[in-house]
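*Asks:* Working from the sequences, and respecting the hints, build out all of it.
Here is what each chain is made of, one letter per residue.
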Amino acid sequence: MAAPLVLVVLVAVTVRAVLYRSSLAAFISERVEVASPLNAWKRVVEGLALLDLGVSPYSGAVFHETPLIIYLFHFLIEYAELVFMITDVLTAVALYLAIQDFNKVVFRKQKLLIELDKYAPDVAELIQTPMEMHYIPLKVALFYLLNPYTVMSCVAKSTCAINNTVIAFFILATIKGNAMKKKNGSLCLSIKSRRSAVIKSGDICLLVFRFQRQFIPVKLKSKSFWLYTMQYAALYLCSLVVIICLSFFLLNSWDFIPSVYGFILSVPDLTPNIGLFWYFFAEMFEHFSLFFVCVFQINVFFYTIPLAIKLKEHPVFFMFVQIAIISIFKSYPTVGDVALYMAFLPVWSHLYRFLRNIFILSCVLIVCSLLFPVLWHLWIYAGSANSNFYYAITLTFNIGQILLVSDYFYAFLRREYYLTHGLHLTRQDGTEAMLVLK
Amino acid sequence: RGGGGAMLAAPLLLLLLLVAAGPGRARRDALREELLLSPLPTGDVAATFQFRTRWDADLQRGAVSHYRLFPKALGRLVAALGVRELHLALTQGFWRTRTWGQPPLQAPAGAELWVWFQPTVTDVDKAWKELSNILSGIFCASLNFIDSTNTVTPTASFKPLGLANGTDHHLLRYAVLPREVVCTENLTPWKKLLPCGSKAGLAVLLKAERLFHSSYHSQAVHIRPVCRDDSCLAVSWELRQTLTVVFDTFASGQGKKDWSLFKMFSRTLTDACPLASQSKVYVDISPKNKEKELLEVTPPPASVHEAVVQGDKKTYAVYDLLSPSLFNTSRSLNVQLKWMRPQDSSELPTPILHAQRYVSGYGLHTGEISTLIYNTHPYRAFPVILLETVPWYLRLYVHTLTIITKGKENKPSYIHYQPAQDRRRPHLLEMLIQLPANSVTKITIQFERALLKWTEYTPDPNHGFYVSSSVLSALVPSVIAMKDVDVEQSPLFTSLFPSSDGSSYFVRLYTEPLLVNLPTPDFSMPYNVICLTCTVVAVCYGSFYNLLTRTFHVEEPSRGGLAKRLANIIRKFRGVPPL
Numbered sequence: 068m069a070a071p072l073v074l075v076v077l078v079a080v081t082v083r084a085v086l087y088r089s090s091l092a093a094f095i096s097e098r099v100e101v102a103s104p105l106n107a108w109k110r111v112v113e114g115l116a117l118l119d120l121g122v123s124p125y126s127g128a129v130f131h132e133t134p135l136i137i138y139l140f141h142f143l144i145e146y147a148e149l150v151f152m153i154t155d156v157l158t159a160v161a162l163y164l165a166i167q168d169f170n171k172v173v174f175r176k177q178k179l180l181i182e183l184d185k186y187a188p189d190v191a192e193l194i195q196t197p198m199e200m201h202y203i204p205l206k207v208a209l210f211y212l213l214n215p216y217t218v219m220s221c222v223a224k225s226t227c228a229i230n231n232t233v234i235a236f237f238i239l240a241t242i243k244g245n246a247m248k249k250k251n252g253s254l255c256l257s258i259k260s261r262r263s264a265v266i267k268s269g270d271i272c273l274l275v276f277r278f279q280r281q282f283i284p285v286k287l288k289s290k291s292f293w294l295y296t297m298q299y300a301a302l303y304l305c306s307l308v309v310i311i312c313l314s315f316f317l318l319n320s321w322d323f324i325p326s327v328y329g330f331i332l333s334v335p336d337l338t339p340n341i342g343l344f345w346y347f348f349a350e351m352f353e354h355f356s357l358f359f360v361c362v363f364q365i366n367v368f369f370y371t372i373p374l375a376i377k378l379k380e381h382p383v384f385f386m387f388v389q390i391a392i393i394s395i396f397k398s399y400p401t402v403g404d405v406a407l408y409m410a411f412l413p414v415w416s417h418l419y420r421f422l423r424n425i426f427i428l429s430c431v432l433i434v435c436s437l438l439f440p441v442l443w444h445l446w447i448y449a450g451s452a453n454s455n456f457y458y459a460i461t462l463t464f465n466i467g468q469i470l471l472v473s474d475y476f477y478a479f480l481r482r483e484y485y486l487t488h489g490l491h492l493t494r495q496d497g498t499e500a501m502l503v504l505k
Numbered sequence: 002r003g004g005g006g007a008m009l010a011a012p013l014l015l016l017l018l019l020v021a022a023g024p025g026r027a028r029r030d031a032l033r034e035e036l037l038l039s040p041l042p043t044g045d046v047a048a049t050f051q052f053r054t055r056w057d058a059d060l061q062r063g064a065v066s067h068y069r070l071f072p073k074a075l076g077r078l079v080a081a082l083g084v085r086e087l088h089l090a091l092t093q094g095f096w097r098t099r100t101w102g103q104p105p106l107q108a109p110a111g112a113e114l115w116v117w118f119q120p121t122v123t124d125v126d127k128a129w130k131e132l133s134n135i136l137s138g139i140f141c142a143s144l145n146f147i148d149s150t151n152t153v154t155p156t157a158s159f160k161p162l163g164l165a166n167g168t169d170h171h172l173l174r175y176a177v178l179p180r181e182v183v184c185t186e187n188l189t190p191w192k193k194l195l196p197c198g199s200k201a202g203l204a205v206l207l208k209a210e211r212l213f214h215s216s217y218h219s220q221a222v223h224i225r226p227v228c229r230d231d232s233c234l235a236v237s238w239e240l241r242q243t244l245t246v247v248f249d250t251f252a253s254g255q256g257k258k259d260w261s262l263f264k265m266f267s268r269t270l271t272d273a274c275p276l277a278s279q280s281k282v283y284v285d286i287s288p289k290n291k292e293k294e295l296l297e298v299t300p301p302p303a304s305v306h307e308a309v310v311q312g313d314k315k316t317y318a319v320y321d322l323l324s325p326s327l328f329n330t331s332r333s334l335n336v337q338l339k340w341m342r343p344q345d346s347s348e349l350p351t352p353i354l355h356a357q358r359y360v361s362g363y364g365l366h367t368g369e370i371s372t373l374i375y376n377t378h379p380y381r382a383f384p385v386i387l388l389e390t391v392p393w394y395l396r397l398y399v400h401t402l403t404i405i406t407k408g409k410e411n412k413p414s415y416i417h418y419q420p421a422q423d424r425r426r427p428h429l430l431e432m433l434i435q436l437p438a439n440s441v442t443k444i445t446i447q448f449e450r451a452l453l454k455w456t457e458y459t460p461d462p463n464h465g466f467y468v469s470s471s472v473l474s475a476l477v478p479s480v481i482a483m484k485d486v487d488v489e490q491s492p493l494f495t496s497l498f499p500s501s502d503g504s505s506y507f508v509r510l511y512t513e514p515l516l517v518n519l520p521t522p523d524f525s526m527p528y529n530v531i532c533l534t535c536t537v538v539a540v541c542y543g544s545f546y547n548l549l550t551r552t553f554h555v556e557e558p559s560r561g562g563l564a565k566r567l568a569n570i571i572r573k574f575r576g577v578p579p580l
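Order-wise, the sequence lines are chains A and B. Going by the working numbering, the first sequence opens with residue 68, and the numbers climb by one from there. Going by the working numbering, the second sequence opens with residue 2, and the numbers climb by one from there.
Please note: incorrect hints may appear among the correct ones.
Computed Cβ-Cβ distance ranges for the label pairs, DEER-style [said to hold, decoys possible]: (1) L91/A - F146/B: 39 to 47 Å; (2) H444/A - Y546/B: 34 to 42 Å; (3) P215/A - F146/B: 46 to 54 Å; (4) I405/B - V73/A: 44 to 52 Å; (5) V78/A - T459/B: 50 to 58 Å; (6) F146/B - V78/A: 39 to 47 Å; (7) Y458/B - V441/A: 36 to 44 Å; (8) V441/A - S361/B: 23 to 31 Å; (9) I405/B - A300/A: 54 to 62 Å; (10) K379/A - S361/B: 57 to 65 Å; (11) P215/A - S361/B: 54 to 62 Å; (12) L580/B - V441/A: 44 to 52 Å.
Everything labelled a hint here was simulated from the structure, so no lab data went into it. Glycine residues also receive a C-beta, built at the ideal position from the N, C-alpha and C atoms.
*Replies:* Right, here's the structure in full:
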């Protein structure tokens with residue numbers, strides 16, 4: 068399996084190298100769908116230039132990266148293209164290994180449940196076989212590396228790629244799951260939470276916890292459960308504190324906290340992007356601004372606990388849905404975030420027969436992706452459209468993403484029902500039954 | 002006999018008391034007024050009025066209650082708010098340095114206010130806010146729009162022009178309102194501050210309908226402390242009110258470039274201000290290229306004054322309104338100037354330092370500000386300090402700042418950059434750049450345009466947003482060595498800027514203000530946007546709520562609701578099989 072992966076990596080690297088050298092690189096770096104105020108490369112360079120001038124990068128409103136990025140790029144600025152290509156490759160490799168392990172786990176679990184007779188007798192065609200699961204890790208790596216969204220993110224040198232790498236390593240560490248990796252998992256988690264929003268850390272924390280539940284049954288009275296939780300929380304907090312102090316010591320000031328986290332939470336910059344926030348707050352009455360900022364930020368992470376309760380048996384699917392919700396509702400989304408959860412779609416390819424709207428949703432997503440640059444050009448350069456056109460495409464794109472995720476969720480739940488109740492359902496009088504969600 | 006003696010003694014005693022107490026109480030103040038008429042190379046005429054009131058009082062310390070020539074409104078302002086220096090200018094139009102030459106005193110388009118506070122002021126920002134509000138009331142200008150989003154604290158430009166010991170730049174505040182319009186409403190309170198008002202002296206010429214029919218109109222107020230005498234043991238306060246106006250006589254003079262006071266101001270001078278100790282009119286009759294004079298001035302001047310002004314030797318015809326011989330022949334003085342021969346337009350001299358600024362780029366996403374600075378001196382290089390204030394919604398990227406002179410990169414020896422904070426303070430960029438002789442320096446910096454909240458746009462958002470002029474301060478080397486001027490003896494137009502040494506003179510230039518368009522949201526859509534976005538969020542919430550709270554069930558056949566039963570009844574009547 069290593070050889071096809073290496074081939075895929077080589078093709079991806081070639082594509083990126085070719086694009087770096089072409090004139091498209093400048094065009095792609097300017098695109099607002101790919102570079103947001105949080106992760107644009109232009110702003111990283113600006114932050115480093117401000118540091119050279121002797122001014123703190125956080126004294127202005129241009130640089131919103133964590134100090135860890137300054138640490139990283141202070142020395143590597145000459146090799147930036149190489150760094151981003153390597154991060155993409157690392158992400159793909161991490162996802163590959165993670166999904167490989169996940170397949171093993173799924174297989175083991177399936178065998179266990181079949182032996183315990185938990186499945187209905189006529190669901191043979193729904194059981195996953197090693198044959199069909201053999202190529203899934205490669206497909207995941209392929210989906211990630213050759214996704215046009217990822218390629219554009221890489222060519223634009225958006226630090227979203229580094230974000231994705233940390234998340235991928237976190238997923239890898241979580242799925243590997245033994246004691247050693249638990250520490251890695253929490254370290255990755257705290258790095259990731261430092262890199263992106265603190266908000267996300269809360270739910271990912273619960274996410275991991277839910278995964279580990281597989282090995283430790285959840286009984287609130289159980290001592291081992293609480294012991295484990297305490298261990299994990301302590302480890303997480305310690306690594307968080309260490310990383311925050313490291314960030315403090317770079318510039319000897321706490322300026323980065325309002326500049327990075329305050330910026331993500333309060334959304335002062337209304338540069339258009341593919342999310343829902345910018346136009347909403349551009350047209351918001353001042354009086355209600357604070358209320359709606361809170362509502363939108365809460366929206367990001369309040370799905371965690373209900374999803375955790377519903378999907379406690381399926382932590383990886385839970386991670387997928389959670390990552391998707393975060394990348395739809397975060398304050399400054401980019402296509403790089405979308406690319407990460409889309410890389411997981413081959414893992415659920417066995418759900419294809421239960422998906423209801425996949426054709427129309429994929430059409431919506433493709434058409435919207437193509438219309439984004441067109442309507443941007445019409446608004447900003449040609450002057451013949453106005454901001455409403457771009458906003459409409461933003462709405463459509465987000466609806467498409469939301470319905471895609473909920474479609475997969477529906478298909479997943481439906482398959483689970485069929486697995487336990489049988490594929491051919493009959494009513495009391497023997498006629499074929501319909502399945503409804505009530 | 003005793004009563005008569007007492008009656009005589011009383012008034013005598015009173016007189017003695019008054020004589021004794023008089024000089025001790027009254028503070029000496031003096032007013033000088035001056036008008037400088039200079040024909041510009043293109044045929045326009047620039048008229049600069051200066052009214053200087055000098056008051057030997059210490060406004061900061063003693064409680065002064067008797068104001069004579071110095072306006073009470075400004076005196077109390079200086080005393081109450083701890084102002085050390087105040088410079089306020091209201092300008093309409095732009096001084097074209099390249100064609101008109103170096104200005105005696107330039108101001109940027111709009112309103113400009115810069116103030117040095119005393120070191121005793123603890124909260125400078127609070128004092129600045131109060132000051133701008135009070136001045137807004139005094140001058141009927143919208144100076145109350147000066148707030149933290151357009152105020153900066155320059156570190157190198159705008160050094161004090163008066164007496165100063167120690168210059169902590171945290172006591173300096175500078176703000177420009179480029180959108181401010183100047184009109185009669187601002188001229189009237191300015192004229193009211195003059196001791197003679199507009200009733201006598203040179204101020205009778207200041208009639209609004211002629212002054213605003215001009216290419217450039219700038220009125221300013223400068224307050225600063227000066228030395229009382231050569232030993233400089235005591236401080237006097239100087240108030241200068243200057244008004245510069247440029248008339249385009251070619252356009253309004255039936256094709257001829259001759260001008261006269263009556264043609265320009267539709268008034269003539271009849272007398273001097275009785276409160277003024279000096280009242281003079283200077284006309285610049287410097288010969289060009291050392292040839293026979295090309296202009297003829299009538300009535301012939303009583304005296305001619307030669308001075309080195311801005312590095313050049315100039316000759317002025319002087320009319321002293323206080324001399325009795327001036328109004329002997331006629332009741333009024335109407336200075337007229339005739340051109341003897343048509344001026345060769347190729348002889349237009351270029352000033353040693355001039356600059357221009359423009360915005361380039363297309364679309365509403367990004368842009369670039371370019372400043373071109375010209376040094377036309379044939380062999381001398383000199384440094385210039387450039388101060389740029391850019392509003393926060395044009396996000397500057399300082400890593401794109403490039404300075405190119407003669408094709409090579411020119412690194413500034415001093416850069417002070419303070420990045421903007423959204424909705425709180427603007428960008429401040431100050432640089433000290435060395436200009437080589439006979440060169441053009443191009444300074445470019447790229448910016449990104451921000452999308453603002455819909456309430457932050459002006460009612461005419463597609464007009465654009467103004468970027469205030471950038472300021473260039475330089476010590477330009479002069480062709481002829483200049484002697485130190487004695488403020489009291491020399492004309493006012495030579496003594497505004499203190500000169501450090503005779504080999505160069507101080508010049509402050511302003512570039513053009515810029516007009517930049519920002520992308521706008523649709524202003525008619527707030528409710529629609531809120532509804533649509535909340536709908537999308539609700540779609541997500543609804544889908545997930547359904548999937549999380551409901552479970553799959555096999556559908557039970559239902560007997561049908563009320564509608565179905567009604568429909569079946571109707572079908573029975575029609576004779577059609579039921580549903």
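*Asks:* State, for the Cβ atoms of K379/A and S361/B, whether the hinted interval 57 to 65 Å holds or is violated.
*Replies:* 59 Å, holds
*Asks:* Given the hint of 36 to 44 Å, is the C-beta distance from Y458/B to V441/A inside that range or not?
*Replies:* At roughly 26 Å between Cβ atoms, V441/A and Y458/B fall outside 36 to 44 Å, so the hint is violated.
*Asks:* Could you see if the CB distance from L91/A to F146/B stays within 39 to 47 Å?
*Replies:* Holds, since L91/A and F146/B (Cβ atoms, about 45 Å apart) stay within the stated range.
*Asks:* Given a hinted range of 54 to 62 Å, is it respected by the beta-carbon distance of P215/A and S361/B?
*Replies:* For S361/B against P215/A, whose Cβ atoms are near 32 Å apart, the range 54 to 62 Å is violated.
*Asks:* 46 to 54 Å was suggested as the range; check whether the CB atoms of P215/A and F146/B agree with it.
*Replies:* Given a distance of about 48 Å, which is inside 46 to 54 Å, the answer is holds.
*Asks:* Range hint 44 to 52 Å: satisfied by the CB atoms of L580/B and V441/A?
*Replies:* 49 Å, holds
*Asks:* Has the hinted range 44 to 52 Å been met by the Cβ atoms of I405/B and V73/A?
*Replies:* 47 Å, holds
*Asks:* Return holds or violated for the Cβ distance of I405/B and A300/A against the range 54 to 62 Å.
*Replies:* 57 Å, holds
*Asks:* Within 23 to 31 Å or not, the Cβ separation of V441/A and S361/B?
*Replies:* Given range 23 to 31 Å: holds, Cβ gap about 25 Å.
*Asks:* When you take the CB atoms of V78/A and T459/B, is the distance between them in 50 to 58 Å?
*Replies:* This hint holds: roughly 53 Å between Cβ atoms.
*Asks:* Range hint 34 to 42 Å: satisfied by the CB atoms of H444/A and Y546/B?
*Replies:* 38 Å, holds
*Asks:* Within 39 to 47 Å: is that where the Cβ-Cβ distance between F146/B and V78/A falls?
*Replies:* At 59 Å between Cβs, range violated.
When the structure is compared with the earlier hints, violations turn up for hints 6, 7, 11 and for no others.
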